[in-house]
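Undergrad: Take a look at the letters that make up each chain.
Number of protein chains: 2
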Amino acid sequence: MKKVVIIGGGVAAKAFAIASLQINKDYEYTMIRNNERSPIPCGIPYSIGTLKDSTDNLSPDKEMIDEGLKLLIDDVNVINRANKTVETKNNGSFPYDKLVIATGSNPVVPPFPGKELSGIYTIEKDLDKIVSLKKEVESANSIVIVGGGFIGVELADEISKFKDKKITLVELAPHCLSVAFEPNYSTEIENILRNKGVDIRTGISVQGFKGDKKVSSVEVSTGESLDADLVFLVIGASPNSAIAQACGLECDERKAVKVDAQQRTSDPDIMAIGDCASKVDLYTNGTSNIRLASIAAKEGRNAAYHLNNGKEILNPVGITNLFSTAVSGKYFGATGMTKQQAQNSGYSVIEIGVNEFNRHPGKLPGAAKYESKFFFSKDDLLLLGAQISGNEQVAEMVNVIGIAIQNKAYAKDLYAYNYGSHPMGTTSPNKYIIHQAALKALAANN
Amino acid sequence: MKKVVIIGGGVAAKAFAIASLQINKDYEYTMIRNNERSPIPCGIPYSIGTLKDSTDNLSPDKEMIDEGLKLLIDDVNVINRANKTVETKNNGSFPYDKLVIATGSNPVVPPFPGKELSGIYTIEKDLDKIVSLKKEVESANSIVIVGGGFIGVELADEISKFKDKKITLVELAPHCLSVAFEPNYSTEIENILRNKGVDIRTGISVQGFKGDKKVSSVEVSTGESLDADLVFLVIGASPNSAIAQACGLECDERKAVKVDAQQRTSDPDIMAIGDCASKVDLYTNGTSNIRLASIAAKEGRNAAYHLNNGKEILNPVGITNLFSTAVSGKYFGATGMTKQQAQNSGYSVIEIGVNEFNRHPGKLPGAAKYESKFFFSKDDLLLLGAQISGNEQVAEMVNVIGIAIQNKAYAKDLYAYNYGSHPMGTTSPNKYIIHQAALKALAANN
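Here the protein sequences line up with chains A and B, keeping their order. To convert a position in the first sequence, counted from 1, into this note's numbering, add 1. To convert a position in the second sequence, counted from 1, into this note's numbering, add 1.
Since the hints were derived computationally from the structure, they do not count as laboratory data. Bear in mind the structure is a predicted one, so any value in this text is a computation, not a measurement. Check the hints yourself; a few may be wrong.
Because identical chains share one entry, a pair is satisfied inside a single copy or across any pair of copies.
25 Å max Cα-Cα, derived SDA-like pairs, lysine to any residue [as the list claims (entries may be wrong)]:
1. K167 <-> T31
2. K26 <-> K211
3. K441 <-> M2
4. K364 <-> E137
5. K413 <-> V318
6. K3 <-> I244
7. K136 <-> K259
8. K413 <-> N316
9. K379 <-> A174
10. K3 <-> N35
11. K71 <-> K413
12. K364 <-> S329
13. K441 <-> A368
14. K370 <-> H307
15. K85 <-> E64
16. K413 <-> P269
17. K90 <-> V281
18. K259 <-> K413
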């Protein structure tokens, strides 16, 4: 039987395995990863706060193993392309017919003075480390989170549930989450966190850390020294492609392993998926820097589909933002480009705002307002991006819009779609926010 | 200035007016409808129960009037196509350049013996009548609802909130909502209502009504006589096309006004939209009998888009089921065909069931299970329909699937799409129900 070896065990690796075990039954699968228990990556902030027991955030292996996957906990040291084998640290050599590299990303750690002090952590996707991190949070007094992206914001929200912690979030940009959201949404999120006692410090940079073996303060660009007996460094991630580079696979300028639309690397028997793989932007066809679990899963499925050559390419090929977050029970979603990103890509942008209840009439119980912004290309009314806040339904509403974006929808397409409506679950059929946005776009270009 | 006259004031009429006022500013608009205050149609059940005041379910006119719409409360007696005028009962004649017929539908009332007794009501889209109907419910002891479609089921759910009412729901088919849902969902809905004290009687027919001026019982096919001092007849609606027929416009076999893909009737200066207009099925291109507010709104928008000729047709042209309902806080959504409908249309059907939490991990607060069924064409894995139950997010989740259906998605398309995920708002990226269904379909045909 032909052999597939998968290096890595994160979202991309599992997506590949779950799919390929079902649709490519003529292979034998071995997954080699370096942690015994892997957490659900996006659930990590919640496994520190909301979830009583961090181990409730375990990503299960059972289904894959039941389907025949061999799971090996080990490190892969070398890929030997000439022999088509991988060499592990403790278990010798494994031959492959097809190799899937899903080595993920590494947290970015700038060369801050004092970064080697204890009490300074990145978020690693290892359940046992997360369990111990929760204990660190419980015993800490002053916690500084460096980085106001999704993980930083969600960590701040979760840690604010503990009593008597001094929490400071430091972000270099003028706003948290500015890669994803317009300033109005970012400001709202910041204010929610401030109301929960988090000190949000945007527009300042970290200069270094001080302490005696253990961190005691974070030095920032204002000259202040922020008390800290626990620091989270969550300022991004970079592709973990060392093993791919070492065996000569082509990488892009960000050191992501170059892949084609079928996830094949420069070696046709090796695929790369997830954070370690290069990505193409849906709009520009240029390199995309987005690293998301949902994208990793998409690439895992894509690789499974194309494990045997000869199938037509799955569309859409490129990727774009598509995500949501929740801060203290309020939900925020974004898909496509922000206004700034669209302008930077050369688009002349029409911005349209629509606020509407998610019930009709709006006096029904459960009513909450969607506050949305849509961006269209002025020339042809191509939908470029959308952002939305509201109740938990935002998490799927942003998918409704996201599919339209992946279909390269224009205002007239959004306007023509039928969306189901119900008083207790949606905006009125005459006021659906996507229709309102499309109508306003058509009217603007009339 | 050119004149548009709109006959009717329901969802289709308003959708047309809201859109056309913005994108066709070179017309003057007059809406002629026969009720002073119009309710939100789908909100009617909730204006009898959940909403304290039925007038909270008012469909607003203000926005249209602010944009310049002239609203006239009157009846239109005649359309005079030769002169291009409409003749009203009380306000004389109105000339038009373009006429939009949006006369809706009439509740079906079979020739049951005793149907003229007082205390027997259909649901009319007139706010003042709804206000008085709520008072009837308050004073009634035994209420029989004839018809287990959406309105019947939602009425039963709402009326069950009143104390000390005997409520019976009579449905001819073996299950409630069988046009929309597979038997397992219908059974679940029936059981929810039974647990709230509603006596669900399926598979029996009404033979007639008895009483002395006022109804006192409903006679059914089992020979039983069901106590009733209030009866709701909610067994469907038929197109209200009398005025269109009278002026010689072509109608289809169900007496719906025939329209093309631009909503134009057999007279190019007259459009028809909403329940009174003919519809084409997305899959079969044959006549569709679906009558929904969201479809009416789609047709209103479509007519506005095509008010001036010469634009390319908006896609998709045909319609299909796309709706949700809520019964005692549990949500149910359906889109496309049921299994039976697909088989009746000649498809060989693959049925796939997927149950998954709407949070990841499933131990997070707010977690509820999606229970879904997907139907694919066995030959080519075209998505034919899907049904889903769960929390309020179902109301948008069914739209995520509905857009795919309107795009004529195959399993491989569903499999390729990226859907945004978040622990507090969606299923895990490796377990998204649409992906699971697509994967199982691909595996089944592998």
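Undergrad: Next, verify each hint and record whether it holds.
TA: Against the structure, the hints come out as follows:
1. For the identical chains of this complex, K167 and T31 are neighbours neither inside a copy (46 Å) nor across copies (63 Å), given an alpha-carbon limit of 25 Å.
2. With identical chains, the CA atoms of K26 and K211 are never at most 25 Å apart, being 55 Å at best within one copy and 66 Å at best between copies.
3. In this homomeric assembly, K441 and M2 come within 25 Å of each other (Cα to Cα) only across copies, at 23 Å, whereas the closest approach inside a single copy is 58 Å.
4. Within a single copy, K364 and E137 get their C-alpha atoms only as close as 45 Å, which misses the 25 Å cut-off; across copies the closest is 23 Å, which meets it.
5. In the homo-oligomer, the alpha carbons of K413 and V318 lie at most 25 Å apart both inside one protomer (23 Å) and across protomers (13 Å), since each shortest distance falls under that limit.
6. For a Cα distance limit of 25 Å, the shortest separation of K3 from I244 inside one copy, 23 Å, qualifies, whereas the shortest one across copies, 71 Å, does not.
7. When the C-alpha separation of K136 and K259 is checked against a cutoff of 25 Å, the pair qualifies neither within a copy, at 39 Å, nor between copies, at 70 Å.
8. In the homo-oligomer, the alpha carbons of K413 and N316 lie at most 25 Å apart both inside one protomer (21 Å) and across protomers (9 Å), since each shortest distance falls under that limit.
9. Taking the shortest alpha-carbon separations for K379 and A174, neither the intra-copy value of 28 Å nor the inter-copy value of 52 Å comes in at or below 25 Å.
10. Taking CA atoms no more than 25 Å apart as the test, K3 paired with N35 passes inside one copy only; the shortest distance there is 24 Å, against 73 Å between copies.
11. In the homo-oligomer, the alpha carbons of K71 and K413 never lie at most 25 Å apart, since the shortest distance is 50 Å inside one protomer and 27 Å across protomers.
12. For a Cα distance limit of 25 Å, the shortest separation of K364 from S329 qualifies both inside one copy, at 23 Å, and across copies, at 17 Å.
13. Taking the closest pair of Cα atoms, K441 and A368 come within 25 Å of each other only inside a single copy of the chain (24 Å); across copies the shortest separation is 36 Å, beyond that limit.
14. Within a single copy, K370 and H307 get their C-alpha atoms no closer than 43 Å, and across copies no closer than 31 Å, so neither meets the 25 Å cut-off.
15. Taking the closest pair of Cα atoms, K85 and E64 never come within 25 Å of each other, the shortest separation being 28 Å inside a single copy and 69 Å across copies.
16. Only between protomers do K413 and P269 lie at most 25 Å apart by alpha-carbon distance; the minimum there is 22 Å, versus 41 Å within a single protomer.
17. For the identical chains of this complex, K90 and V281 are neighbours neither inside a copy (34 Å) nor across copies (64 Å), given an alpha-carbon limit of 25 Å.
18. For a Cα distance limit of 25 Å, the shortest separation of K259 from K413 across copies, 24 Å, qualifies, whereas the shortest one inside one copy, 36 Å, does not.
Hints 1, 2, 7, 9, 11, 14, 15, 17, counting from the list given before, are not met by this structure.
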